[in-house]
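As they're listed, the protein sequences go chains S and W. Oh and the first sequence: position 36 is 36 in this note's numbering, straight run, nothing missing. Oh and the second sequence: position 30 is 30 in this note's numbering, straight run, nothing missing.
FYI, nobody ran anything at the bench for these hints, they're computed from the structure. Predicted, not measured: the structure shown is a model, and the values here were computed from it. Please note that the accuracy of each hint is not assured.
Heads up, simulated EDC-like pairs for lysine to aspartate or glutamate below, C-alpha to C-alpha not over 20 Å straight-line [said to hold, decoys possible]: (1) Lys181/W x Asp491/S; (2) Lys354/S x Glu137/W; (3) Lys229/W x Glu159/W; (4) Lys464/S x Glu520/S; (5) Lys41/W x Asp388/S; (6) Lys174/W x Glu457/S; (7) Lys151/W x Asp223/W; (8) Lys6/W x Asp119/W; (9) Lys107/W x Glu425/S; (10) Lys378/S x Asp343/S; (11) Lys485/S x Glu147/W; (12) Lys181/W x Asp225/W; (13) Lys125/S x Asp15/S; (14) Lys4/W x Asp419/S; (15) Lys379/S x Asp351/S; (16) Lys220/W x Glu492/S; (17) Lys181/W x Asp461/S; (18) Lys515/S x Glu457/S; (19) Lys151/W x Glu425/S; (20) Lys180/W x Asp461/S; (21) Lys221/W x Asp491/S; (22) Lys472/S x Asp152/W; (23) Lys221/W x Glu420/S; (24) Lys29/W x Asp419/S; (25) Lys456/S x Asp175/W; (26) Lys183/W x Asp461/S; (27) Lys183/W x Glu492/S; (28) Lys228/W x Asp175/W; (29) Lys138/W x Asp288/S; (30) Lys181/W x Asp493/S; (31) Lys153/W x Glu420/S; (32) Lys183/W x Asp493/S; (33) Lys379/S x Glu137/W; (34) Lys151/W x Glu420/S; (35) Lys138/W x Glu310/S; (36) Lys515/S x Glu310/S; (37) Lys220/W x Glu420/S; (38) Lys220/W x Asp493/S; (39) Lys485/S x Glu137/W; (40) Lys228/W x Asp419/S.
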Amino acid sequence: MKFSQLLVDLAFLIDNSLRYQRIKRFFRNLLENDDYPYKKYFDYFMIFLILSSVAIIIEEVKTPISKWLYYYDVYFVTGVFIIEYLLRLWVYNDVHKIIIAEYEESLFLERPFDTKRVLKEIIKKKLEYIFSPLAIIDLLAILPSYRELRILRIFVLFRVFKLLRYSQNISHFFQVLASKKIELFTLLMLVAFTILVSGISIYVFEEHQNPHINTLYDAFYWALVTISTVGYGDISPVTHEGRTITMIIILVGVGLISFATSIIVSAFSEKLDEIRENRIIHTAKKLDNYYVICGFTHMAQLLAKRFKREGIDFLVIDNDPSVVERALAEGYLAICEDATQADAFRHINFDHVKAVMALTQTDMHNIYICLNIRSFSKKCFIISNAVDPNTHKKLKLAGADYIISPYITAGFFAAKIIDEPIAIEAINDILIARKNALCEQVEVIKGSFLEGKRLKEIDFDRYKLILLGIVKIEQSLPGEKFYHKFIFNPDEDLRLEAGDILIVMGYTVSIANFKSQVIESSLKYGKKA
Amino acid sequence: MAKKHKILLFGFGRYGEQIAKNLALDGHKVAIAAPSKEELKIASKDGFEDLYVIDIEDDAQLTDLILDHDFTHIFCAFDEEEKNIYLTITFKSLFRHIPIIAICESKETERKLRLAGADRVIDTMVAAANRLYYIVEKPAVAEAIDEILFKDKSIVFEEIEIPKGSFLDGVNIKDIAFSKKYKIIVIGLVDRELGNRFIFVTRGINHKIDAGDVLVVVGKKEDIDNFKKLLGVRV
Numbered sequence: 001m002k003f004s005q006l007l008v009d010l011a012f013l014i015d016n017s018l019r020y021q022r023i024k025r026f027f028r029n030l031l032e033n034d035d036y037p038y039k040k041y042f043d044y045f046m047i048f049l050i051l052s053s054v055a056i057i058i059e060e061v062k063t064p065i066s067k068w069l070y071y072y073d074v075y076f077v078t079g080v081f082i083i084e085y086l087l088r089l090w091v092y093n094d095v096h097k098i099i100i101a102e103y104e105e106s107l108f109l110e111r112p113f114d115t116k117r118v119l120k121e122i123i124k125k126k127l128e129y130i131f132s133p134l135a136i137i138d139l140l141a142i143l144p145s146y147r148e149l150r151i152l153r154i155f156v157l158f159r160v161f162k163l164l165r166y167s168q169n170i171s172h173f174f175q176v177l178a179s180k181k182i183e184l185f186t187l188l189m190l191v192a193f194t195i196l197v198s199g200i201s202i203y204v205f206e207e208h209q210n211p212h213i214n215t216l217y218d219a220f221y222w223a224l225v226t227i228s229t230v231g232y233g234d235i236s237p238v239t240h241e242g243r244t245i246t247m248i249i250i251l252v253g254v255g256l257i258s259f260a261t262s263i264i265v266s267a268f269s270e271k272l273d274e275i276r277e278n279r280i281i282h283t284a285k286k287l288d289n290y291y292v293i294c295g296f297t298h299m300a301q302l303l304a305k306r307f308k309r310e311g312i313d314f315l316v317i318d319n320d321p322s323v324v325e326r327a328l329a330e331g332y333l334a335i336c337e338d339a340t341q342a343d344a345f346r347h348i349n350f351d352h353v354k355a356v357m358a359l360t361q362t363d364m365h366n367i368y369i370c371l372n373i374r375s376f377s378k379k380c381f382i383i384s385n386a387v388d389p390n391t392h393k394k395l396k397l398a399g400a401d402y403i404i405s406p407y408i409t410a411g412f413f414a415a416k417i418i419d420e421p422i423a424i425e426a427i428n429d430i431l432i433a434r435k436n437a438l439c440e441q442v443e444v445i446k447g448s449f450l451e452g453k454r455l456k457e458i459d460f461d462r463y464k465l466i467l468l469g470i471v472k473i474e475q476s477l478p479g480e481k482f483y484h485k486f487i488f489n490p491d492e493d494l495r496l497e498a499g500d501i502l503i504v505m506g507y508t509v510s511i512a513n514f515k516s517q518v519i520e521s522s523l524k525y526g527k528k529a
Numbered sequence: 001m002a003k004k005h006k007i008l009l010f011g012f013g014r015y016g017e018q019i020a021k022n023l024a025l026d027g028h029k030v031a032i033a034a035p036s037k038e039e040l041k042i043a044s045k046d047g048f049e050d051l052y053v054i055d056i057e058d059d060a061q062l063t064d065l066i067l068d069h070d071f072t073h074i075f076c077a078f079d080e081e082e083k084n085i086y087l088t089i090t091f092k093s094l095f096r097h098i099p100i101i102a103i104c105e106s107k108e109t110e111r112k113l114r115l116a117g118a119d120r121v122i123d124t125m126v127a128a129a130n131r132l133y134y135i136v137e138k139p140a141v142a143e144a145i146d147e148i149l150f151k152d153k154s155i156v157f158e159e160i161e162i163p164k165g166s167f168l169d170g171v172n173i174k175d176i177a178f179s180k181k182y183k184i185i186v187i188g189l190v191d192r193e194l195g196n197r198f199i200f201v202t203r204g205i206n207h208k209i210d211a212g213d214v215l216v217v218v219g220k221k222e223d224i225d226n227f228k229k230l231l232g233v234r235v
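So that you can see chain S by itself, here it is in the shape it has in the complex (with noise of 0.2 Å):
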């Protein structure tokens, strides 16, 4: 009795320690999360000492190793595997947790603690951990170090074995080989069988005959080096019924080796999208600042391009496969998925997402990615493309920010077209980008030389700029939203405040220099501060 409420309160006091807690989730993170930065280290030391304790040990087949090498092997090496795998055999499960469970079940049906149920219950879930296969590679990892059995030092292998945790690739492929268990399973027993029936015949024909096959080994042994085409030759029939039991193995040989290609070759192209697509969401999830598209459409395509060439990151969404392919050969991070499902996102942190841009061809997809996305994250900023000019409203409702229509941007320049012809090639070409002229946003940051300074003391010429205007941010009460307000060719008395918006032109070099030489001033501000 006593032992078990000793147990309860010692779960209790586990379950309440926050140290315990962040302790034991730094070590789950750093073991087995795979977005975890720091695993990435972790996963590289491991690779270290792996391979050179490998190295150590083939060295020391042929010549005595120096006493320190000896030393790090099997002290160091060892030490770090046998905690790793305790490490590992803590983190798999939360031991606290079962108890706490039991205790609550038995509070809640009236019926004494049962102590023997929870420790069989903590055990059996620990022994899963110890004979999972990877568990088992890390435990017979260990064995090496112990010199004195000669035998165990096969076990190095499995310390090569070990790489399999630490590297994604490797486990793919064993993941890929997986997904044809039972085909797999098949051929294994389809060359079982054709070993066995042709081994033993080969067996029974020659056994006299042939001075080479002596026992039902060497039989089997022909029997596989023949089917795999391999053929060393060492054995070989040399009586008629031997030879044609040959010929035909090895037709069947050649039959169960295209079996084994297909089955790879296939389970490889079936899994290939799925490890592509990881590998892009992996991608995808090192971003920062990165915007989605849904819906690889022409706009969108258009976007993707500038984006790509400002060198922005972006990516792209679309449920139709040949459309990512497309978008894959621009050299896009895609993924194919139907963005007005949730599961779409579940990979996607919208912390680090910029906007997310809805240009399906549909108002209606549209409508559905924006709740879509609205019901991740109440801040995400949304654009969503709108075909009816009607669904404006029903778009603003399904929350996004700002709506893009092609054809009341259209509507805008159609207009201005025929008035003012110049001006929108001009506007376009700035737009574009296309002349290597552009139109930037300079922001008065607070110290550099801009501040506080009149425009005329700003010798726009001598940058070779052209100063537009200028976004003035303001507050009309404390508390309101701020709105931004555009000031055309301001009076070159107005005077710069930090966070005001010059809006300039010129060339990309000039607007890079000026840039450039804001930020400088504000940083030495930054270092006299």
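Starting from the known structure of chain S, fit chain W onto it as the hints suggest.
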């Protein structure tokens, strides 16, 4: 506002509707031609009066329509790109002199329209995609362009040809503080000495302005008008 134009707009689909509305808002007189009565019904609901049912493959009908009215521009705004190309070709073969503006959705069609002789081509998808880019990446610029081009009607772009003997003839461009003195911004010019290409002033070349050069300026309508008066250009 500049003088009002009389525009013949073909097509009243998704594009046509928006374009017609914007043109009408700017005070132009818009006539709408479409192959089906359905489209024109919507147009009449939107308040347009000059409506014509036209078969675009019938040259005689088109000729009559143009000859009966004095349209200054023709706008091809069918949702279907190939109709715009076809119409452009037809008009260019019938009436060389009327400027044709056409919309398209792809580079390929833009090329074809230019070959067909369209004077101005709007690639709506490029426009929308680039607009999208500015809205997310450079919102302040997008805002400024919106303001200059669309919202603030008093700010206009204009091209001004320098008359012979005016005070700018023979002057270096950097010697004049346009924005201080005349409250206008010179964006670029066509310097005839250097060919007929438009050059942004930010190139940094101190162009010598001669008669016949074209300045592209942006500014308040009244400031530009004042400037033109000073130059001796008729307003």
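Legend entry - Proposed proximity, Asp288/S with Lys138/W (alpha carbon, max 20 Å): 18 Å, holds
Legend entry - Agreement of Lys181/W and Asp491/S with the hint, judged by alpha carbon distance not exceeding 20 Å: The given pair, whose Cα atoms are some 11 Å apart, holds under the 20 Å limit.
Legend entry - Satisfaction of hint between Asp152/W and Lys472/S, Cα-Cα up to 20 Å: Holds - the C-alpha atoms of Asp152/W and Lys472/S are around 16 Å apart, at most 20 Å.
Legend entry - Distance restraint between Lys220/W and Asp493/S, which requires alpha-carbon spacing of 20 Å or less: 19 Å, holds
Legend entry - Restraint check for Lys515/S with Glu310/S, where alpha carbons must lie at most 20 Å apart: 16 Å, holds
Inset, instruction - With a cut-off of 20 Å on the C-alpha distance, tell me whether Lys229/W and Glu159/W pass. - result: Judged against 20 Å, a Cα distance of about 14 Å means the pair holds.
Legend entry - Restraint check for Lys181/W with Asp493/S, where alpha carbons must lie at most 20 Å apart: Within the cut-off at roughly 14 Å; holds.
Legend entry - Restraint status (C-alpha distance of Lys29/W to Asp419/S at most 20 Å): 13 Å, holds
Legend entry - Straight-line alpha-carbon gap Lys151/W to Glu420/S, limit 20 Å: 14 Å, holds
Legend entry - Holds or violated: Lys151/W to Asp223/W, with C-alpha atoms at most 20 Å apart: 18 Å, holds
Legend entry - Restraint check for Lys515/S with Glu457/S, where alpha carbons must lie at most 20 Å apart: 17 Å, holds
Inset, instruction - Given the hint that Lys183/W pairs with Glu492/S, test it: the Cα-Cα distance must not exceed 20 Å. - result: Since the Cα atoms of Lys183/W and Glu492/S sit roughly 10 Å apart, the hinted pair holds (cutoff 20 Å).
Violated hints for the displayed structure: none, as all numbered hints are satisfied.
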